[in-house]
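Q: Generate the whole structure from the sequences, applying the supplied hints.
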Amino acid sequence: MSSQIHSRTKPKTPVQPPQGPDGEKKPEEMTPKNKTSRLDSLTANRKPSWTWVAAAAGSIVVAAIVTALLFESFSIVGFVLIAGLLYIVSMYVTSRVLENRLKATDEFWRHLIWTAFIIALVPLISVIWSVVSQGLPTLLANPGLLTTDMKGVVGADDIATQTEGAPLQGGILHGLIGTVAITVLASVISIPVGLFASIYLVEYANRNAFSRAIRFFVDVMTGIPSIVAGLFAFAGLSLLIELVVGTSPQALQSVKTGFAAALALSVLMIPVVVRSTEEMLEVVSDELREASYALGVRKWRTIMKVVLPTAMSGIASGVTLAIARVTGETAPILVTAGYAATTNWNPFSEWMTALPVFIYRQLVNPTAPAAGDPSMARAWAGALVLIVIVMGLNLAARVIAKNFAPKTGK
Amino acid sequence: MTTTSPRTKTPARNTTSAVGDKVFKGMSWTGGVIILVVLAFVALFLLTRSLPAIAPDTFGPGADQAIDFWGYVWPLMAGTVIVSAIALLLATPVAMGVSLFISHYAPRRFANTIGYVIDLLAAIPSVVYGAWGMLVIAPLMVPIYQWLHDNLGFIPLFAGDPSTTGRTILTSGVVLAVMVLPIMTALCREIFLQVPHLQEEAALGLGATRWEMIKMTVFPFARAGIISSIMLALGRALGETMAVTMVLSPGGFSWSLITSGANATIPSEIALNFPEAFGQRQAELIAAGLMLFVITLIVNVIARAIVNSHAKKAEGLS
Amino acid sequence: MKFSRFYRSAAIASVAALALAACSSDDAADENAGGDSGDQASAEVSGNLIGGGASSQEAAMTAWAAGVTEVHPDLTVNYDPVGSGSGREGFIAGQYTFAGSDSAMDAEEQEQACGSGSPFHVPSYISPVAVAFNLEGVDSLNMKPDTIAKVFAGEITSWDDAEIAEQNEGVELPATGITVVHRSDDSGTTENFTDYLNGAAGDAWTWEAADAWPEELTGESAQQTSGVVSLTTDTDGAITYADASQIGGLSTVAVGVGEDYVEYSAEAAASAVETAEEDPESEGARILDRSTEEEGVYPIVMISYHIFCDTYDNEEMVNQVKAFGNYVISEDGQIAAEDSAGSAPISETIREEATQRLDAITVAG
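Chains as they are written, first to last, in this note's numbering: chain A, 1 to 410; chain B, 1 to 318; chain C, 1 to 365.
Straight-line alpha carbon distances no greater than 30 Å define the calculated BS3-like cross-link-like pairs of lysine-lysine that follow:
hint	chain 1	residue 1	chain 2	residue 2
1	B	Lys25	A	Lys305
2	B	Lys215	A	Lys103
3	A	Lys402	B	Lys25
4	B	Lys22	A	Lys305
5	B	Lys22	A	Lys402
Derived by calculation from the structure, the hints in this document are not laboratory data.
A: Here it is in C-alpha cells:
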C-alpha cells in the first residue's frame, strides 16, 4: 500500500499539496488491506506496551555477550553499537510480526531518527564537557583573566604559578576585544553584501547568466582555504597602501590591523551567508509574495516586509553559522592582524590579537615552555569565553529574528 | 537552491514611486557584483602566486630546480577528498536524522532548545575540536582500528599496520563529521520547518504514517535545501585546517584509512608548512590551495547538475 | 648591491675592523645610541618595533618584549610568530623591522633584503634539542649517533635491540616496540636534528638536512613541539626530538660524543655554539660541527637568529633596533630568556661580536 502512495505522489511538485480526489480514494484502499493483516482481534494490531523494555534488555544482554566474544578487550563503543543495532532490529521484527509492515517501517525510522539524535549528542556533549570542565574552574578561580591582558607576562611568572602556586598572571582581555571587534567588523561587511546578493539571486535575477555566475562562484568561494583568504587580504591591502601611501616602513607596517583581518574573514563569511540566505528565501512560498503584490505593495516593500520576515529565523541561523565559521579561525587572523600582548581597542590601527589565535598559540607554544599548565588553563578558559561570545551573538541574532518573524503555527 | 518553483514575475506597476524599487534592486545587484569582484581577485591572486610552481619553466626557477608539482599535489588532493567523503558519509545520515527529530519528532519545547544547542556547536572553534579529537577520539579509535584490521584486513581500506595512536585519516574524518554536523543540521532543520503544513496535514489526513508523510512531503520539498546544506558542510570539510592538522599524522597517499603517517589534506599541508616556507615552496603551497579551489569547483558543478536535473524532472511532471 | 657584496666580503675578512670603520663614518647620535645597555639612549628610544618569524623564539620573545621595557620604558616590541620563512619574507618586503629565523638567510634572500644595505644575523636564541623518549622503567639511555640514526630511520625497531643494550649495560630494557614521533610541520628543529644525524652519522642517515622529515620515513607525527611531546608522553615506547625546554617529564638520551656520552645542558649547548665556525655566506651566522669530539659539547643545538639590516631608513628605527638588539644579547636579556623559555645563554665572544655589528647600524643614505 505504501508503494501505491508513493507512485501516486512522486510526480507532485513540492508546493502542491496532495489533491482532494486522491484523498478520497485512499481510505477505501486502506481498509481491506488492513483488515487482512488484522485477522485475529482488535488488540492484535498493537504490540504490548512493555515490548520496548523487553527488547532493550535483550539487546543489552546479547550485545554484552557478542562484544565480549568479538573484541579481545571489552569495548564500550562496540557494545553500544551492537546493543543499539539489536534493539532497533528486534523492535522492527516485533512490530512486523505483531502489527503491520507500515507501522513497522514507521517505527523503524522513528528509532533510526532517535538514534541519529543520540549519536549526534554523544560527541557534542563530549566536546562541550571538555571545554566547560577545563575552562570553568580556571575562570571561577581567576575572574581577573577577563579584565587583564598579557602585557608584561613572561614565562618566569608561569613557572612561579606552576611550581610555587603563585596566582595565575595575565588574561584574555586583549583576545576578547580583538575577537569581538574583528567579528563585528567582518559581520558588518559580509552580512549586507551576502543578504543583498541573495535577494538579488532569488527575487530579481530570474536565472540570468549573471545570477548563475554568482551562484557558481559563491559555491567555489566556500572552498577557499582560510590561510589563502588571509594572505589574499594582506596582499591586497599591502598593494593598496603601497599605491596610495607609499613604501615607507611606517606605511608597510600599518597594513596589519583588525580591519585587515575582518576583510579576510569576510571572504570566508560571505559564501556562507549567501548560501544559507538564498535557501531560506527560496522556500518562502510564492503565495505570500503574490498576496502582497495583489494588495499593491511595491516589490521592495514586499521583500522587506513579507519575504525577509518570513525567512528571518532561517536567515538568523545562517548568519550565526557564518559567524561561527570565522570566529574559530586562527591562521588568517595571524597573518593579517598580527599578535599583540596588549589590548587594542582600535581595529583600524596597530596589531590586534583574536581569541582563537591566542588560544592556539598558548596551546602550541606556551608562554613558559617548561611550565605549560598556566598557558593551558588560559587557553581553555579562552575557549569557553569564545563559545559564550558566539552564544551571545547567536542569541542576539535570534532575538532580532523573533522580532521580525511573523507568528507561525509551528 | 535553484529549484523549487519559478520565481514570480514582478507585477506591472505604476511608475510614480519606483525609486525605492530601483534603489533596492541596485543594492542587491551591487551585492552580487562585489562577490564576483572579490572572487575574481582571489582567483587572480592564487593564480599569480602559484604560477611558479605550476609552470616552473616559464614563471619559476626552471624545471630542474622545481619539484614535480603534480606528483606532489595529487596525493594531497586525494587525501582531501577522502577525508571529506568520510566526514560527509558519516555526518549526512545523522544530520538528516537530527533535523527530522527536531522538526518532526521531538516535543516542541524540547526541540527549540536542541536547535539552539546544535547551533552553538557550530560555534566551537576548530582548535577545540582539534584538541578534543587528539585527546579523546584518537585513543578511542585504536581498538576499533585493531579490530577492523584483524577482521576486515583483506579490504585495502583496512590493510596496513593499524595505528597505535589513532592519528589517522579515518579519525580526522570522524572529527570533521562532528564538526560539520551542526552546519548541516542547522540548515536542514530550518528547511524542514518551512514545509507547508497543508501538505503535511493532507498526507497525515490520508492515513499516511509519520514516516510516509515525511517521505511524501518533507523530502521532495527540501531536496534542494538538503543538497545545499551538504555542499556547505563539504566546503567546511574540504577547507578545514586546524582540526585535521592537529589530529592527523600526515604522510604520502595510501588506501589504508587506519595507518598513521598516511595521507594528508591540502589545508593542513598549507598550515603545517607555510610558516617555514619561502619562495618556491610558498608557490607550491599556494598552488596546492588553487587545487583545493578546483576540487570545490568540480564538486559544486556536479551538485548543481544533480539539483537542476531533479528540478527539471519535478517541473516537467507537475 | 655591489656595495653590499663588498660589505659582506669585508665582514668575513675582519668583523672588528669593519665595525670600527663603520663607526667612524657614523654621526655622533649613533655612537651615543650604542653601548651595552643603552642607558644614555633610553630616553630617546620610543615607539613600536615590529618583528616577526620563528615561533621557536616565541616564549623568549615574550620575555624580551617585557624585559626591554625596563630599560626603555617607551619601546614596545611586537613579534609575529608566523614562522621563519614568513618572517624572512616579511623582513625582505619591509613589513618587519627585524626577523626571527631558525636558519640563516641564503645568498638570494640576502641580496633582496635591506635595500642598499645588507642583513646580518645575531644568534640570540640557543636551545639544545633533546632526544626524548617514554619507556616505562627507564630514565636515561646512552646512544651513539649511529644508533640514534638507526632508531629514527626505523632500522632498530625494539628497545631491547642488541645495539642499544650494548651501550647501556646494567639497564633493563623491555621488549617494547619503538614508535618514532616526528614533527608534522616544517620546522627549524627538524632541520637541526636531521643536520645532526647527517653530519654525525652519515652512514646510517643518508637524508640531507631539511626542515621537513624525510618522506620515506613518515610515521607518527604531531604538530609543533608541544604536539610531539604530548604524543610521546602518551605513548609507551615512543621516542622523539624536541626543544629541551619543553620536554616536561620525558626521559632523555645522553648523546655519544667521541668516547663519552653527553647529557643536554645549557652549558654544553652554549659551548657547541662557541666552537662553531662562522658561516662564510651569511654574516653573523654559525655552522655547527655536528661530528665534534670535543669534551662536554652537546652537538644537537638549534640556533635561532635575529636578522637585522645594517642600515635603516630613519633614526627612530635605528635607535629601536639598537636598543632591542643590545638588550636581547645583554646578560639581563639572556637571563630573562633562560628563566622564561629555558634557552641557553650566549657566550661572551658571541655577545661582543654581535654588539659590534649592532652598534654599526646606520641611517641609510
